[in-house]
Structure formats: C-alpha cells, structure tokens
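Undergrad: Sequence:
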Amino acid sequence: MATVRFSDALKSEIRNNAKAMFKQNIDKAKADVPAHWADKIYQGFFPADDIAKFNALPAHVMQEKQSLDFEGFFNAPEDVFQTATHKQNAYECSTVRLEFSKDMRWPNDIEKIDTGFKFQWRNSKADYNDSRWAWLIPEFKEYVRKIFEQESKEASFLEGVDKLMETYSTLAPAIKAWPALWDLVPDEAKERHKKVVERVKKDASDVGVDLNSMTAAVTFSKLTR
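Each residue of the sequence shown is one higher than the one before, counting from 4 in our numbering.
Derived by calculation from the structure, the hints in this document are not laboratory data.
Don't be surprised by glycine CBs; every beta carbon is placed ideally from N, CA and C.
Take these hints with a grain of salt, some might be off.
[As the list claims (entries may be wrong)] Computed Cβ-Cβ distance ranges for the label pairs, DEER-style: (1) E169 with W109: 48 to 54 Å; (2) N20 with D130: 38 to 44 Å; (3) P182 with E114: 53 to 59 Å; (4) D130 with R18: 36 to 42 Å; (5) K121 with E194: 51 to 57 Å; (6) E67 with D186: 46 to 52 Å; (7) D53 with K26: 41 to 47 Å.
Please take these sequences and the hints and turn them into a complete structure.
TA: Now the structure itself:
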C-alpha cells in the first residue's frame with residue numbers, strides 16, 4: 004500500500020495552513036496604526052498659516068487627500084529587530100495607509116516643497132534626520148516591533164514544521180511524532196493517510212524542535228478561531 008509522502012505540493016499546503024494560524028494576529032498588528040499619525044504628519048508638512056490659507060481657498064483650487072501611504076524612514080541608522088528565525092528593519096514597514104480625520108488640502112507639487120518627506124509614486128518616507136519627525140521615530144519603532152513579534156512567532160513555528168517534514172519523508176510517522184500536525188494537513192492528504200499503515204522508524208526526539216510548544220500554538224489557534 005502506497006504511503007503519503009511529503010511532496011513539494013503537500014509541504015506547501017501544510018505551510019500555508021500553518022501561516023493561516025498567525026495571519027489574524029499579524030494583520031491586527033499591521034492595522035494597529037496610531038490614529039493621530041495622519042493628521043500630525045500633515046500638520047508637520049506645512050506651517051499653520053499655510054494650512055489656514057489652503058482652507059480659505061475655493062475647493063476646486065487644490066487637491067484634497069483622504070489618506071497618506073507611508074513606509075517608514077530614509078536616512079535611518081542600522082537598527083534591526085532579530086531572532087534566530089526572523090529579522091526586521093526597525094524603521095521600515097510594508098505600505099500602511101494613514102487616514103486623515105477629514106479631507107486635507109494638498110498642493111499639486113508637494114514633491115517640490117520642503118516637507119521632510121520623500122514622495123514616490125505609491126508611498127512616502129520621512130527623513131529620519133529631520134527634527135519635524137523626531138516624535139514619530141519612537142512611535143513608529145514600537146509599531147514595527149509589535150508586527151515583528153507576531154511575525155517572529157510565525158517564523159519560528161514554520162521552522163519547526165519544516166524540520167519535521169525534513170526528518171520524516173512520509174506523513175504517518177510525522178503525525179505519530181507530533182499529532183497536532185493533523186490539523187495542518189489538507190483534507191485530500193488526510194483521506195489518503197487513513198488508508199495507510201506504516202511502520203514508524205524514527206522517534207519524536209529525532210526532530211530537534213520543541214513540539215510541545217508547537218502543539219500549544221495549534222491548540223490556541225483552534226480555540227481563537
């Protein structure tokens with residue numbers, strides 16, 4: 004009787020199911036952007052007198068923006084959050100959309116104005132060395148740290164899953180070593196596995212990862228769905 008082998012396709016599906024366990028917490032951390040950032044950044048772009056003049060103009064004279072796409076800092080020092088499985092630049096992030104509290108008047112050629120920001124086609128970055136953004140540096144770093152914390156948990160878990168699939172060439176002994184793997188196996192592979200009887204050749208200690216903590220992560224994920 005054929006055994007269920009860890010094909011590249013099966014490994015990929017198991018990894019995707021493992022990633023899904025952490026997606027909610029990672030997405031939540033990325034979405035947890037301080038509400039005051041957008042308006043405070045806008046107020047740092049222009050003197051208060053200029054903003055008052057913008058607002059006094061007829062609506063058709065200037066653009067109006069609802070948000071600002073932001074990716075962190077340029078000219079920043081080397082500062083990295085790092086674990087054995089994951090690292091992240093403390094002053095960069097994936098593009099985050101900062102929503103203004105109301106539509107803001109926006110100059111057509113803002114790239115030519117000394118705002119302390121670098122505007123690109125789809126995003127912007129603040130100059131780390133510009134004093135106008137000194138308040139933003141520690142707040143942004145803490146925002147990135149929280150994302151890093153969640154992504155590091157995912158990276159560590161995936162490393163354990165990968166080691167398990169490297170240790171065993173087939174599904175049956177891997178599940179015997181770590182029963183919680185069953186929750187990550189796609190349905191089609193589960194059906195094939197149920198038809199298989201296989202002699203176990205390796206013990207759980209051969210894997211070299213903390214399977215108990217990985218089991219706890221799977222259990223917690225099931226309880227919080």
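Undergrad: Please go over all the hints and tell whether each is borne out by the structure.
TA: These are the hints, each one checked on the structure:
no. : hint                       : verdict
1   : E169 with W109: 48 to 54 Å : 53 Å, holds
2   : N20 with D130: 38 to 44 Å  : 42 Å, holds
3   : P182 with E114: 53 to 59 Å : 58 Å, holds
4   : D130 with R18: 36 to 42 Å  : 39 Å, holds
5   : K121 with E194: 51 to 57 Å : 54 Å, holds
6   : E67 with D186: 46 to 52 Å  : 49 Å, holds
7   : D53 with K26: 41 to 47 Å   : 42 Å, holds
Hint compliance for this structure: every hint is met.
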